[in-house]
Amino acid sequence: MKAKVGVYVCECGPNISEKVDIDKILETLPGLEEYREIELVVKRFGLLCSGDGKTFLEDEINNNGLTHLVLGACSPRDHDKTFIGVCKKTSLNPFLYKIINIREHCAWIISDKDKATEKAITYIRAGINRVLFQSALLEKKLDINPDVLIIGGGIAGMEAALSLAARDRTVYLVEKDDHLGGKAVLLGGLLPRQGGGPAKIREKIESVLGNDMIKVYLESELEGVIGFLGNFEVIVGSPGDEEKKDLKVGAIIVATGSGLADPAILEGLDYSKTDEVITSMDAERMFSKEGKISLKSGGDPKSVALIHCVGREEKGYCSRICCNYMIKIAGYLKDQSADMKVTEFHRGLCLPDKADQGFQKEAEGRGVEFKRVRELTITGTNVRYEGMDGKSEGLKFDMVILAPALEPSEGTEGMADLLGVPLSESGYYQEIHQTTNPVATSIEGVFVVGAAHSPKGITDSMLFAQASAGKILSQLIPGGKITPEIKVSEILEAYCTGCGNCLDVCVYGAIYYDEGRGISVVNEAVCRGCGNCFGSCPSGALRTKHFTNTQLYEEMREAIR
Amino acid sequence: MSHSENVLIIGAGLAGMTAGLELAHAGKKVHLVERLPLIGGKVIKDEESFPNLECSTCMVAPVQQDVLQNPNIVTMTYSSVEKIEGEAGAFHVTIKKNARYVSMTDCIGCGMCYEPCPVSQKNEWEENLGDVKAIYVPCAGALPNVPVIDAQICLKLTGKEECSACADSCMFGAIKLDDTDEMVEIDVGAIVIATGAGNYDASKLPQLGYGKLPGVYTPFEFERLFASNGPTLGELTLRDSEKNPEKVVILHCVGREEVGYCSSVCCMYSMKFAHFIKKKLPDAKIFNIYSDVCVVDKNYQKFFKKVEGADTKMLFSPTIDGVKVSGNGSGMKVSYRGGDGADESLDADMVILATAVVPDPEVGTLAEMVGLELDRHGFFAVKDDVAGSVETTREGLFVAGTAEGPKDVQTAVIQAEAVVGRVMSYLGKVTG
Ligand SMILES: Cc1cc2nc3c(=O)[nH]c(=O)nc-3n(C[C@H](O)[C@H](O)[C@H](O)COP(=O)(O)OP(=O)(O)OC[C@H]3O[C@@H](n4cnc5c(N)ncnc54)[C@H](O)[C@@H]3O)c2cc1C
Ligand SMILES: Cc1cc2nc3c(=O)[nH]c(=O)nc-3n(C[C@H](O)[C@H](O)[C@H](O)COP(=O)(O)OP(=O)(O)OC[C@H]3O[C@@H](n4cnc5c(N)ncnc54)[C@H](O)[C@@H]3O)c2cc1C
Ligand code: SF4
Ligand code: SF4
Ligand code: SF4
Ligand code: SF4
Numbered sequence: 001m002k003a004k005v006g007v008y009v010c011e012c013g014p015n016i017s018e019k020v021d022i023d024k025i026l027e028t029l030p031g032l033e034e035y036r037e038i039e040l041v042v043k044r045f046g047l048l049c050s051g052d053g054k055t056f057l058e059d060e061i062n063n064n065g066l067t068h069l070v071l072g073a074c075s076p077r078d079h080d081k082t083f084i085g086v087c088k089k090t091s092l093n094p095f096l097y098k099i100i101n102i103r104e105h106c107a108w109i110i111s112d113k114d115k116a117t118e119k120a121i122t123y124i125r126a127g128i129n130r131v132l133f134q135s136a137l138l139e140k141k142l143d144i145n146p147d148v149l150i151i152g153g154g155i156a157g158m159e160a161a162l163s164l165a166a167r168d169r170t171v172y173l174v175e176k177d178d179h180l181g182g183k184a185v186l187l188g189g190l191l192p193r194q195g196g197g198p199a200k201i202r203e204k205i206e207s208v209l210g211n212d213m214i215k216v217y218l219e220s221e222l223e224g225v226i227g228f229l230g231n232f233e234v235i236v237g238s239p240g241d242e243e244k245k246d247l248k249v250g251a252i253i254v255a256t257g258s259g260l261a262d263p264a265i266l267e268g269l270d271y272s273k274t275d276e277v278i279t280s281m282d283a284e285r286m287f288s289k290e291g292k293i294s295l296k297s298g299g300d301p302k303s304v305a306l307i308h309c310v311g312r313e314e315k316g317y318c319s320r321i322c323c324n325y326m327i328k329i330a331g332y333l334k335d336q337s338a339d340m341k342v343t344e345f346h347r348g349l350c351l352p353d354k355a356d357q358g359f360q361k362e363a364e365g366r367g368v369e370f371k372r373v374r375e376l377t378i379t380g381t382n383v384r385y386e387g388m389d390g391k392s393e394g395l396k397f398d399m400v401i402l403a404p405a406l407e408p409s410e411g412t413e414g415m416a417d418l419l420g421v422p423l424s425e426s427g428y429y430q431e432i433h434q435t436t437n438p439v440a441t442s443i444e445g446v447f448v449v450g451a452a453h454s455p456k457g458i459t460d461s462m463l464f465a466q467a468s469a470g471k472i473l474s475q476l477i478p479g480g481k482i483t484p485e486i487k488v489s490e491i492l493e494a495y496c497t498g499c500g501n502c503l504d505v506c507v508y509g510a511i512y513y514d515e516g517r518g519i520s521v522v523n524e525a526v527c528r529g530c531g532n533c534f535g536s537c538p539s540g541a542l543r544t545k546h547f548t549n550t551q552l553y554e555e556m557r558e559a560i561r
Numbered sequence: 001m002s003h004s005e006n007v008l009i010i011g012a013g014l015a016g017m018t019a020g021l022e023l024a025h026a027g028k029k030v031h032l033v034e035r036l037p038l039i040g041g042k043v044i045k046d047e048e049s050f051p052n053l054e055c056s057t058c059m060v061a062p063v064q065q066d067v068l069q070n071p072n073i074v075t076m077t078y079s080s081v082e083k084i085e086g087e088a089g090a091f092h093v094t095i096k097k098n099a100r101y102v103s104m105t106d107c108i109g110c111g112m113c114y115e116p117c118p119v120s121q122k123n124e125w126e127e128n129l130g131d132v133k134a135i136y137v138p139c140a141g142a143l144p145n146v147p148v149i150d151a152q153i154c155l156k157l158t159g160k161e162e163c164s165a166c167a168d169s170c171m172f173g174a175i176k177l178d179d180t181d182e183m184v185e186i187d188v189g190a191i192v193i194a195t196g197a198g199n200y201d202a203s204k205l206p207q208l209g210y211g212k213l214p215g216v217y218t219p220f221e222f223e224r225l226f227a228s229n230g231p232t233l234g235e236l237t238l239r240d241s242e243k244n245p246e247k248v249v250i251l252h253c254v255g256r257e258e259v260g261y262c263s264s265v266c267c268m269y270s271m272k273f274a275h276f277i278k279k280k281l282p283d284a285k286i287f288n289i290y291s292d293v294c295v296v297d298k299n300y301q302k303f304f305k306k307v308e309g310a311d312t313k314m315l316f317s318p319t320i321d322g323v324k325v326s327g328n329g330s331g332m333k334v335s336y337r338g339g340d341g342a343d344e345s346l347d348a349d350m351v352i353l354a355t356a357v358v359p360d361p362e363v364g365t366l367a368e369m370v371g372l373e374l375d376r377h378g379f380f381a382v383k384d385d386v387a388g389s390v391e392t393t394r395e396g397l398f399v400a401g402t403a404e405g406p407k408d409v410q411t412a413v414i415q416a417e418a419v420v421g422r423v424m425s426y427l428g429k430v431t432g
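If you read the sequences in order, they're chains A and B. The numbering of the first sequence is my numbering, which starts it at 1 and goes up by one. The numbering of the second sequence is my numbering, which starts it at 1 and goes up by one.
Hint data in this document are derived by calculation from the structure and do not stem from the laboratory. Just so we're clear, the structure is a prediction, and the values are computed from it rather than from any experiment. No residue lacks a Cβ here, since even glycine has one placed at the ideal position from N, Cα and C. A portion of the hints provided could be inaccurate.
No more than 30 Å apart at the CA atoms, straight line, and that leaves these computed lysine-lysine pairs for DSBU-like [claimed, not checked]:
#	chain 1	residue 1	chain 2	residue 2
1	B	Lys302	A	Lys140
2	A	Lys81	B	Lys42
3	A	Lys81	B	Lys97
4	B	Lys42	A	Lys371
5	A	Lys391	B	Lys429
6	A	Lys371	B	Lys305
7	B	Lys324	A	Lys54
8	A	Lys361	B	Lys324
9	A	Lys248	B	Lys429
10	B	Lys29	A	Lys141
Quick list of the computed label-pair ranges, beta carbon to beta carbon [said to hold, decoys possible]:
#	chain 1	residue 1	chain 2	residue 2	range
11	B	Ala88	A	Ala338	41 to 47 Å
12	B	Lys305	A	Ala338	51 to 57 Å
13	B	Ala88	A	Met213	22 to 28 Å
14	B	Asp375	A	Gly291	27 to 33 Å
15	B	Ala88	A	Glu364	39 to 45 Å
16	A	Glu18	B	Asp375	29 to 35 Å
17	A	Lys292	B	Gly331	57 to 63 Å
18	B	Ile153	A	His105	34 to 40 Å
19	B	Asp375	A	Gly380	52 to 58 Å
20	B	Lys302	A	Leu503	47 to 53 Å
21	B	Lys305	A	Glu364	25 to 31 Å
22	B	Asp375	A	Ser297	27 to 33 Å
Over 12 Å on every C-beta distance to chain B, these chain A residues come out as not near it, computed from the model [said to hold, decoys possible]:
#	residue
23	Lys2
24	Ser303
25	Arg320
Please construct the entire structure, taking both the sequences and the accompanying hints into account.
Pasting the structure below:
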């Protein structure tokens with residue numbers, strides 16, 4: 001059967017009609033019929049995107065029995081979706097249609113009408129030739145599993161679990177420790193704006209444990225994962241324990257939190273000869289257990305130095321929460337004894353919440369001294385520093401408390417590997433888009449929240465957790481289906497040598513190596529059709545549907561004929 | 001009144017748009033109300049966004065397009081919420097759609113109507129750096145790409161003169177000079193406030209010369225000056241001359257002491273500005289005067305370090321309070337206290353004030369209408385930092401983005417997504 005291609009040129013009011021000679025286009029195109037052995041229907045129309053225009057197109061497709069459709073109109077950014085919608089109302093597969101932008105590419109940028117017309121004709125001819133080589137592609141719908149796996153039972157993991165359970169989702173919460181609560185439950189207190197204190201964290205633990213929708217696995221870890229958004233299969237087990245659990249979930253939330261950098265990375269720090277230099281976490285633990293901070297040698301300290309930013313330069317990022325909690329710790333000390341000398345050595349205060357600066361002023365009011373320094377060395381409990389005025393000075397304290405930088409938690413690399421999620425330069429998980437899509441990763445259906453995403457406090461950790469719940473609740477609707485990308489890549493078995501080049505370039509982890517057949521295979525449910533792999537294949541085995549070599553070549557060939 | 005599954009979102013910045021798209025994806029009907037004629041919020045004023053210096057339009061335009069094309073989202077631009085009655089789960093909302101005088105369905109955005117219009121005024125959206133006609137779009141690339149007529153200055157609409165120059169030039173019959181305001185009433189189960197924030201009025205600090213010395217700029221004035229779709233098409237020329245600046249001082253933390261908090265984005269955008277200027281004017285001398293550095297994300301300090309030293313010289317001052325900007329011949333002099341307490345000064349022909357992020361000037365009216373108290377700074381407050389960080393004190397009302405306090409786009413988006421989760425659970429609870 002001869003192809004019957006409908007070609008419709010939009011006037012776009014005066015926009016195209018005044019700058020391009022549409023009649024000339026209509027006269028010229030039929031020349032293609034004989035050359036290509038096709039039948040053409042060529043017409044002009046006032047405004048194709050208007051209601052009238054859409055009805056007109058629909059009638060034209062149906063009445064003429066068109067096999068392909070080409071529109072000479074505006075940018076696909078404006079109206080591709082509009083015309084795909086028109087195709088979908090008819091029996092014409094939308095992948096057999098193409099919009100050619102003769103407005104922005106011709107009418108609006110070329111002042112010479114003849115030249116604009118000539119370019120428009122070339123573009124349309126090329127488009128007709130391309131569309132002849134396009135194939136009908138069909139949308140697939142896949143069933144989904146709405147349940148969720150959460151790795152890490154700190155505040156972020158618990159908050160995500162509660163948010164999902166509130167909407168009746170079954171949640172599997174896997175925690176490697178023997179208790180829930182992560183770091184937050186270890187703290188001596190919270191920030192004033194967080195009211196309520198640690199009791200609130202314990203309340204959260206109780207609500208998680210008492211929630212029927214949340215199944216908690218303590219002392220367990222993720223051991224295997226395969227699948228994609230809506231359909232993951234995971235294995236959870238305890239190291240050493242034979243019995244494994246196979247779970248099916250639709251999404252995975254990583255909430256593995258962070259660790260604390262070893263203060264030894266700070267140059268100029270020598271506390272080998274004293275026990276009175278401790279970390280902020282030690283101080284929190286002490287305060288939590290005993291309600292006060294004491295010297296290792298016994299008794300209360302009379303003077304304490306609080307050192308901010310330990311390891312910040314070395315790590316290359318600010319940990320966001322340390323300035324805040326160091327002021328909180330200064331508060332513990334002042335509560336303990338109002339005339340204790342408390343000095344905070346900082347490198348510029350970073351207090352990014354609207355409530356924080358007031359909190360800092362309050363501490364200042366209670367006599368906490370804030371010293372901004374350029375350089376600092378600590379020997380025992382002696383602090384030598386260079387102030388912003390360039391002068392050096394030394395001070396001796398009874399006790400020194402260090403705020404080590406937060407860093408990705410132990411095992412992050414292994415977990416990233418298991419999940420296929422890339423890490424950023426800082427060692428934290430890399431989100432898919434830092435500003436506009438910060439909880440999602442390049443593996444669709446895998447989300448990263450809390451301090452595992454980047455250094456952050458409890459409030460932000462909870463926000464990220466709630467955000468991941470928001471994404472999952474809106475993406476995975478029980479009983480709903482997902483429509484994976486159709487314009488995916490495929491590997492032609494006959495050509496693939498199994499070299500594995502493509503596996504390395506696919507950031508979405510969509511390609512796997514099939515041992516049995518000795519070739520690489522694209523998992524179409526995971527592939528996003530980005531085309532990255534296409535150029536990496538030395539044997540021409542890779543093909544991205546709707547952007548095949550043949551299609552592009554034929555389009556070019558007609559353009560330059 | 002029966003419960004509704006629909007959602008009202010007030011404000012179409014990135015926070016409002018993100019929440020809208022995700023709720024729509026979940027099948028909720030979303031009413032998105034924006035007071036300006038265009039959607040996108042503050043980010044579309046920026047040529048590029050930190051930390052990756054990504055083209056903001058390229059980042060936001062797909063979101064804007066998705067919002068406008070989503071069948072579950074009813075976007076009402078140039079509109080305002082007038083009344084909210086009822087209670088959580090069953091709010092009855094009245095929205096006023098201001099007369100636009102141009103038909104959203106007939107206009108194709110060709111722009112033929114601007115030229116013939118005989119009246120013009122300063123373009124407020126462009127921080128008054130350029131002019132627009134009475135019929136205008138705020139900037140090239142505005143979405144929806146449909147102009148609006150300012151009835152305050154249009155000859156015909158003010159009754160000053162018979163004029164129909166715009167309507168005569170429109171081939172699509174899209175201009176409706178007899179258009180009127182329209183009241184729309186809707187029922188929704190939940191309301192999201194995503195109305196963004198403003199910037200501290202720099203003229204409240206007379207010692208910094210803003211408004212008197214033409215070389216002193218606010219941050220958004222600078223953003224628009226640098227923008228390729230802005231009034232100078234991205235040409236960095238000084239307000240009172242056609243010259244490029246040679247010595248630029250960027251002053252951090254302007255208004256921080258006065259408002260009582262750190263705005264968390266100024267350090268980053270100040271560094272972004274230094275980088276922009278250096279890129280366009282490699283010979284310019286650039287100085288950043290700062291007292292603290294707050295660059296919080298895992299990737300922000302990296303950007304800071306890249307710009308520090310390479311593009312700008314960082315000058316520490318223990319307090320920004322003592323800084324003074326004064327006229328000095330045709331240029332300016334910036335005096336400040338140095339790290340050692342000594343008085344220092346610099347010559348400059350451009351001074352950019354990194355003003356604090358403050359509540360939107362109209363926030364009071366909105367707060368009263370939605371029945372919420374503002375926090376002591378004038379932002380919307382969340383119920384409890386640790387219990388639910390996007391729920392307000394009134395049930396069924398949620399807040400996201402800079403309406404809640406200063407923050408970067410990432411955190412605004414996170415709050416919007418958190419709102420989606422909360423709203424979904426909440427609607428499930430009230431409507432069963
Ligand atoms: C000294 C100190 C004081 C602080 N004070 C405050 C404060 O006052 N206010 C505030 O807001 N923030 C404070 N913070 C920050 C706060 O601790 C974090 O924001 C918060 O703990 C982050 O929560 P999270 O759930 O993301 O991570 P975490 O609390 O680190 O929890 C992560 C959980 O995941 C588990 N896990 C890790 N890897 C795996 C794995 N592979 N498999 C299974 N489970 C795993 C861990 O065992 C842990 O239970 C402080 C931090 C420190 C260091
Ligand atoms: C100079 C400057 C530069 C910045 N640069 C960056 C950057 O490079 N990268 C980055 O991550 N962040 C940057 N930020 C921060 C960023 O602008 C904000 O995080 C972001 O705009 C917040 O988005 P939003 O949706 O909350 O608010 P907005 O973007 O302010 O949007 C709010 C919307 O609500 C509308 N609105 C307000 N009141 C009403 C009402 N009553 N009824 C209806 N509609 C209403 C407004 O018109 C607006 O469209 C910068 C900030 C400043 C000040
Ligand atoms: S097209 Fe992109 S997503 Fe698909 S397999 Fe190739 S590289 Fe991966
Ligand atoms: S790059 Fe080509 S040949 Fe090599 S494994 Fe991938 S598809 Fe096969
Ligand atoms: S109103 Fe008419 S002339 Fe003006 S932009 Fe819209 S279509 Fe063009
Ligand atoms: S009627 Fe006249 S003054 Fe009013 S917008 Fe149109 S052209 Fe301008």
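Practice problem: Would you check the hint for Lys248(A) and Lys429(B), treating anything up to 30 Å between C-alpha atoms as holding? | Solution: With a Cα-Cα distance of about 26 Å, the restraint between Lys248(A) and Lys429(B) holds, given a limit of 30 Å.
Quiz prompt | Consistency of the no-contact label for Ser303(A), given chain B and a CB cut of 12 Å | solution = Holds, since 24 Å exceeds 12 Å.
Practice problem: Could you tell me whether the CB distance from Lys305(B) to Ala338(A) stays inside 51 to 57 Å? | Solution: With Cβ atoms ~40 Å apart, the hint is violated.
Practice problem: Could you check the hint for me, namely that Ala88(B) and Met213(A) are 22 to 28 Å apart, CB to CB? | Solution: Holds - the Cβ-Cβ distance for Ala88(B) and Met213(A), about 24 Å, lies within 22 to 28 Å.
Quiz item: Does 27 to 33 Å hold as the CB distance between Asp375(B) and Gly291(A), or does it fail?
Solution: holds (31 Å)
Practice problem: With a cut-off of 30 Å on the C-alpha distance, tell me whether Lys391(A) and Lys429(B) pass. | Solution: violated (62 Å)
Quiz item: Is the hinted pair Lys81(A) and Lys42(B) satisfied, with a Cα-Cα distance of at most 30 Å?
Solution: holds (27 Å)
Quiz item: Quick one: are Lys302(B) and Leu503(A) within 47 to 53 Å, going by C-beta?
Solution: Once the Cβ atoms are compared, 29 Å apart, the range 47 to 53 Å for Leu503(A) and Lys302(B) is violated.
Quiz item: So the hint says 29 to 35 Å: do the beta-carbon atoms of Glu18(A) and Asp375(B) match that?
Solution: violated (56 Å)
Quiz item: With d taken as the least Cβ-Cβ distance between Lys2(A) and chain B, does d exceed 12 Å?
Solution: About 36 Å separates Lys2(A) from the closest Cβ of chain B, which puts it past 12 Å; holds.
Quiz item: Is Lys81(A) within 30 Å of Lys97(B), Cα to Cα?
Solution: holds (27 Å)
Quiz prompt | Given pair status - Lys141(A), Lys29(B), alpha carbons within 30 Å | solution = Cα-Cα ~23 Å, so holds.
The structure does not agree with the numbered hints 1, 4, 5, 7, 12, 16, 19, 20, 22, 25 stated previously, though it agrees with the rest.
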